[in-house]
Amino acid sequence: MLLLAASFSLTGCKWLDDPANVKKVGTEYIQSDNGLLIVEVNGQKYAPERIYTGSRTRDGATSMEPVVGMEVTVFFMEAYREPQFIAGNKTEEYLEEFFTRNYTFVFGVGVFFFIMILWAVFSEPKVKIIHAD
396 MLLLAASFSL TGCKWLDDPA NVKKVGTEYI QSDNGLLIVE VNGQKYAPER
446 IYTGSRTRDG ATSMEPVVGM EVTVFFMEAY REPQFIAGNK TEEYLEEFFT
496 RNYTFVFGVG VFFFIMILWA VFSEPKVKII HAD
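Heads up: the sequence shown runs through residues 396 to 528, numbered per our numbering.
Simulated from the structure, these hints should not be mistaken for laboratory data. Virtual Cβ for every residue (Gly too), placed ideally from N, Cα, C. Each hint should be verified, as a subset may be incorrect.
[Said to hold, decoys possible] Straight-line distance between alpha carbons at most 20 Å, and here's what the computed EDC-like set of lysine to aspartate or glutamate pairs gives:
| # | residue 1 | residue 2 |
| --- | --- | --- |
| 1 | K419 | E487 |
| 2 | K419 | E444 |
| 3 | K418 | E491 |
| 4 | K418 | E488 |
| 5 | K485 | E466 |
[What the hints assert, rightly or not] DEER-style ranges, computed between Cβ atoms:
| # | residue 1 | residue 2 | range |
| --- | --- | --- | --- |
| 6 | F517 | R445 | 47 to 57 Å |
| 7 | Y475 | N437 | 15 to 25 Å |
| 8 | T486 | V516 | 47 to 57 Å |
| 9 | D428 | R476 | 14 to 24 Å |
Take the sequences, apply the hints, and build the full model.
In structure tokens, the structure reads:
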């Protein structure tokens, strides 16, 4: 059982994915409109506040401030009401893979602690008490 929990923790399982459900709007360059930074896609204007860089650290996806002339992809994710922005021309498949979270490690740690609790409850004590008569 412990080996099974360890294998789940170290490998990714697709059935423990939390999909991002991304819908790409389009890709354009950031422009300045009277001091406000905008991205105009298909006649619709979007105001980026932060831009995902497309890289990750252990704390999550990194982001940066918008810069005039930067090419960005505008998209929506199920978790956010506002449009999101990522640097460069990215496909919907890339965005879905990049923002999908996997909970395999969390599941594996939970199973490990559950097994340890069961082991502690049901194992026989190793210390024997001997009474002298």
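Results of checking the hints against the structure:
1. K419 x E487: holds, 6 Å
2. K419 x E444: Distance of about 18 Å is within 20 Å: holds.
3. K418 x E491: This hinted pair holds, its Cα atoms lying about 9 Å apart.
4. K418 x E488: holds, 10 Å
5. K485 x E466: This hinted pair holds, its Cα atoms lying about 10 Å apart.
6. F517 x R445: 47 to 57 Å: holds, 51 Å
7. Y475 x N437: 15 to 25 Å: Holds - the Cβ-Cβ distance for Y475 and N437, about 20 Å, lies within 15 to 25 Å.
8. T486 x V516: 47 to 57 Å: Holds - the Cβ-Cβ distance for T486 and V516, about 50 Å, lies within 47 to 57 Å.
9. D428 x R476: 14 to 24 Å: Holds: the Cβ-Cβ distance is about 22 Å, inside 14 to 24 Å.
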